[in-house]
Amino acid sequence: MRKMLFDPDQIIIRMYEVSKHYGDSDALVNITFDVHRNAFFFISGPSGAGKSTLMKLLYLGEHMSGGYAIVDGMNLSRIKRSQVPMLRRRLGIIFQDYRLIPGRSVFDNIGLVLEVAGVRSRKVIRDRVMNVLERVGLADRHDAFPPTLSGGEQQRVAVARAMVGKPSIILADEPTASLDPEAAEMIFDLLVSAHAEGATIVITTHDRYLLSKGCTGIVYLKDGRCVNPYGDRQ
Amino acid sequence: MKDAIRRGFADFLNYRYLHGICVATIALSVFVISAFGLFLLNAGDLMDSWKRGMRIIAYLAPGAGEDARVQIMNEIRTYPGVAEVEYVSGQEALEWLRNEIGRQSALLDGIVDNPLPDAVEVSLSGDIDGTAAIAALASQIEVLPGVADVEYARQWLERFDGIYNLFRLTSMVLIGLIVAAIMMIVANTIRLILYSRIEEIKITRIIGADDAFIKYPLYFEGGMLGFAGGLAGLMMLYAAFFITVPQLSSAGMMVFFQVRFLPWGLVLLILLVSMTVGWIGCYLSIRRFLKF
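Sequences listed follow chains X and R, in order.
Each position in the first sequence, counted from 1, maps to that position plus 651 in my numbering.
Each position in the second sequence, counted from 1, maps to that position plus 663 in my numbering.
No wet-lab data here; the hints were simulated from the structure.
Each hint should be verified, as a subset may be incorrect.
[Claimed, not checked] Calculated cross-link-like contacts (lysine-lysine; reagent style DSS-like; alpha-carbon spacing at most 30 Å):
1) K865/R <-> K731/X
2) K865/R <-> K873/X
3) K864/X <-> K731/X
4) K774/X <-> K873/X
5) K817/X <-> K774/X
6) K878/R <-> K707/X
7) K878/R <-> K865/R
8) K864/X <-> K878/R
9) K865/R <-> K707/X
10) K817/X <-> K878/R
11) K865/R <-> K774/X
12) K665/R <-> K865/R
13) K865/R <-> K817/X
14) K817/X <-> K665/R
15) K707/X <-> K873/X
16) K774/X <-> K707/X
17) K878/R <-> K665/R
18) K665/R <-> K873/X
19) K665/R <-> K774/X
20) K731/X <-> K707/X
21) K878/R <-> K774/X
22) K707/X <-> K817/X
Every value quoted in this text rests on a predicted model; they were computed, and no experiment measured them.
Could you build all of it, start to finish, from the sequences and the hints given here?
Next comes the structure, spelled out in structure tokens:
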């Protein structure tokens, strides 16, 4: 078994022989790859390949069955339950189904990230939320509730929520899958701008159009296995 | 903590409909229990007022002179629970009887020798506690030299006391069962609220919230639900009291005593208990939701 050299200043995500089983069924088998800091990284593959499962392992929505993973300096195979919130505060997560809280306004959905992170000043929260809402073009809808927004608008709110905490990594699980091409383009541009500001972007997608936009690294999954290990070309 | 209270209060208002259902459930429960309490309280007052109005009659032995009577009366005045001692001569008793029976008083005209003995009427004070104490006082008077017999509404009092005690015991058991049932209902209602917010809790977890961030506002909400429900239940009871009491009064049912509402101390205790019930309901329900 070959151990990889690890430089936390360079490599922000390391997955090493990571496996995930559900009973007798293998969802992921020996997944190994690195993602460099400030990479724009794709995880691709057909439906059912294990992309979303892999994403869940990265934010500890699921626990891995074997191997080890390091995300922004935190070893996920040894992490304590009390440290999980700290890991998640370093991440911005975007889902295909937006995952906004329907009973809270757009402003509150985004502001919640800052409250969770311990920001107490209402003025700071207001300034930062309005700033990020302006970036995604939804400042005038800050009082709206998610169910009253279109799919594209909801995903822009989700992107704003992922960006507002200035995370080191943004994980986007099929962020454009439910959107029309125009809205998808807008979401992709927002992720590019977050990348330009220094965030590491990890996107799962099977959308060839998105893949054609270019990236600094990519890993293909098929039947839960990694087709090209060490896929980061940075 | 201040922040948790602010978020708890905001959520309390934000989910008005669900919280309204829970508050209504608690309010009805508090109403039922407090109504029991109010009834028991006033039944106790009624019992006390009847005891206060009770008299023990000590019949003097034939031939007991004035000295003996004065001695008996002075002795009885020293006993605890005695409010007043009054002498009623056989002649006064006969006159009273004649007045009471009115037209039939002619029946008494044929009586040559007054059959009614001289007596001492003993009024009881409010601080005499229970049927047993009254019976003990009566026995104490009965053995005094010069007292032939003692009479009081013993059977009636014992029967009423027995019924009251049975009712009080039954009510206590019922209140206990209702409180247990309410705890379960409240815990399940809060659980339903949490189920409806499960997605919100999951999302909040995913963006990095720790246990404290999620549970403290919910604990506060639980307490708020209990307080609001308790307050609403007591207000309902007061409204019912306000409407019913004048009708009881006009029907002449309040001759012996004044019906009163729950004392402030008990009102505060009910509010405190309902807040605690809300909090416990939340505490029991929340643990499973922190697994996400």
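These are the hints, each one checked on the structure:
1. K865/R <-> K731/X: Holds - the C-alpha atoms of K731/X and K865/R are around 19 Å apart, at most 30 Å.
2. K865/R <-> K873/X: Cα-Cα ~29 Å, so holds.
3. K864/X <-> K731/X: violated, 38 Å
4. K774/X <-> K873/X: Outside the cut-off at roughly 48 Å; violated.
5. K817/X <-> K774/X: holds, 17 Å
6. K878/R <-> K707/X: Holds. K878/R to K707/X sits at ~24 Å (cutoff 30 Å).
7. K878/R <-> K865/R: holds, 13 Å
8. K864/X <-> K878/R: violated, 43 Å
9. K865/R <-> K707/X: Cα-Cα ~13 Å, so holds.
10. K817/X <-> K878/R: This hinted pair holds, its Cα atoms lying about 26 Å apart.
11. K865/R <-> K774/X: At roughly 27 Å apart (the allowed maximum being 30 Å), K774/X and K865/R satisfy the hint.
12. K665/R <-> K865/R: It holds: about 23 Å lies between the C-alpha atoms, which stays within 30 Å.
13. K865/R <-> K817/X: holds, 21 Å
14. K817/X <-> K665/R: Roughly 26 Å separates the two Cα atoms, so the pair holds.
15. K707/X <-> K873/X: Status holds; Cα separation ~17 Å.
16. K774/X <-> K707/X: Violated. K774/X to K707/X sits at ~33 Å, over the 30 Å cutoff.
17. K878/R <-> K665/R: holds, 14 Å
18. K665/R <-> K873/X: violated, 50 Å
19. K665/R <-> K774/X: holds, 17 Å
20. K731/X <-> K707/X: holds, 17 Å
21. K878/R <-> K774/X: Status holds; Cα separation ~25 Å.
22. K707/X <-> K817/X: holds, 20 Å
Violated hints for the displayed structure, listed by number in ascending order: 3, 4, 8, 16 and 18.
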